[in-house]
Amino acid sequence: MNNPFSFEVFRMILENDDTFPVDETLFYFDDEPENEREHYLGCLREYKTPYWIGYCDIKGGCEFYTASELLNAKVFNGKSIKDRWEHLIIEHLGGIPLESWLEFYGHKI
Numbered sequence: 001m002n003n004p005f006s007f008e009v010f011r012m013i014l015e016n017d018d019t020f021p022v023d024e025t026l027f028y029f030d031d032e033p034e035n036e037r038e039h040y041l042g043c044l045r046e047y048k049t050p051y052w053i054g055y056c057d058i059k060g061g062c063e064f065y066t067a068s069e070l071l072n073a074k075v076f077n078g079k080s081i082k083d084r085w086e087h088l089i090i091e092h093l094g095g096i097p098l099e100s101w102l103e104f105y106g107h108k109i
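Under my numbering, the first residue of the sequence shown carries the number 1, and numbering increases by one thereafter.
Some clues are possibly wrong.
Simulated pairs of lysine-lysine, DSS-like, Cα-Cα distance not exceeding 30 Å [said to hold, decoys possible]: (1) 59 to 108; (2) 108 to 82; (3) 59 to 79; (4) 59 to 82; (5) 48 to 59; (6) 59 to 74; (7) 48 to 82; (8) 74 to 48; (9) 48 to 79.
Across the chosen pairs, the derived CB separations fall in these ranges [said to hold, decoys possible]: (10) 107 to 79: 31 to 39 Å; (11) 100 to 45: 21 to 29 Å; (12) 105 to 63: 20 to 28 Å; (13) 109 to 89: 12 to 20 Å.
These aren't lab readings, by the way, just hints derived from the structure by calculation. Keep in mind the model is a prediction, meaning the values are calculated, not measured. Where is the CB? At the ideal position from N, CA and C, for every residue including glycine.
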């Protein structure tokens with residue numbers, strides 16, 4: 001169980017970072033080479049552009065105003081998270097192993 005969410009539910013989780021921890025979310029795509037399987041995203045409200053992605057096509061990562069912009073940014077081999085959703089594997093959500101995150105926060109979805 002590495003991605004139990006629909007795309008819409010995941011967007012809702014990111015948009016509600018006051019309820020759900022999302023910063024330091026670790027994921028990869030199961031169709032990419034093993035040595036490229038580390039990407040991060042998160043949200044830090046203290047910044048003007050709170051949403052961010054690391055380890056992507058843009059050296060040093062990139063920042064966004066909204067979760068929707070983050071999810072639709074074509075920064076993973078020219079494709080977005082939305083484009084590659086069927087291949088997304090979440091390892092940690094909000095810095096918490098996915099299974100533990102679901103135990104703590106799954107009931108709020």
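Going down the list of hints, with the structure as the test:
About 35 Å separates the Cα atoms of residue 59 and residue 108, which puts this hinted pair outside 30 Å; it is violated. Simply put, residue 108 and residue 82 have alpha-carbon atoms about 23 Å apart, close enough for the 30 Å limit, and the pair holds. Annotation: proposed proximity of residue 59 to residue 79 holds, straight-line Cα distance about 16 Å (limit 30 Å). The hinted pair formed by residue 59 and residue 82 meets the criterion: a straight-line CA distance of about 21 Å does not exceed 30 Å.
Of the pairs offered as hints, the one joining residue 48 and residue 59 holds, with about 20 Å between alpha carbons and a cut-off of 30 Å not exceeded. At roughly 14 Å between alpha-carbon atoms, residue 59 and residue 74 fall within 30 Å of each other, so this suggested pair holds. Pair hint residue 48 plus residue 82 holds up; C-alpha atoms about 23 Å apart against a cutoff of 30 Å. Pair hint residue 74 plus residue 48 holds up; C-alpha atoms about 21 Å apart against a cutoff of 30 Å.
Among the hinted pairs, residue 48 with residue 79 is consistent with the structure: their alpha-carbon atoms are about 25 Å apart, no more than 30 Å. Remark: the range hint 31 to 39 Å for residue 107 to residue 79 is upheld by a beta-carbon distance near 33 Å. At about 23 Å, the CB distance of residue 100 to residue 45 agrees with the hint of 21 to 29 Å. Checked against the hint of 20 to 28 Å, the pair residue 105 and residue 63 passes, with Cβ atoms roughly 25 Å apart.
The hinted range of 12 to 20 Å is satisfied by residue 109 and residue 89, whose Cβ atoms lie roughly 19 Å apart.
The structure fails to meet hint 1 from the earlier list, while all remaining hints are met.
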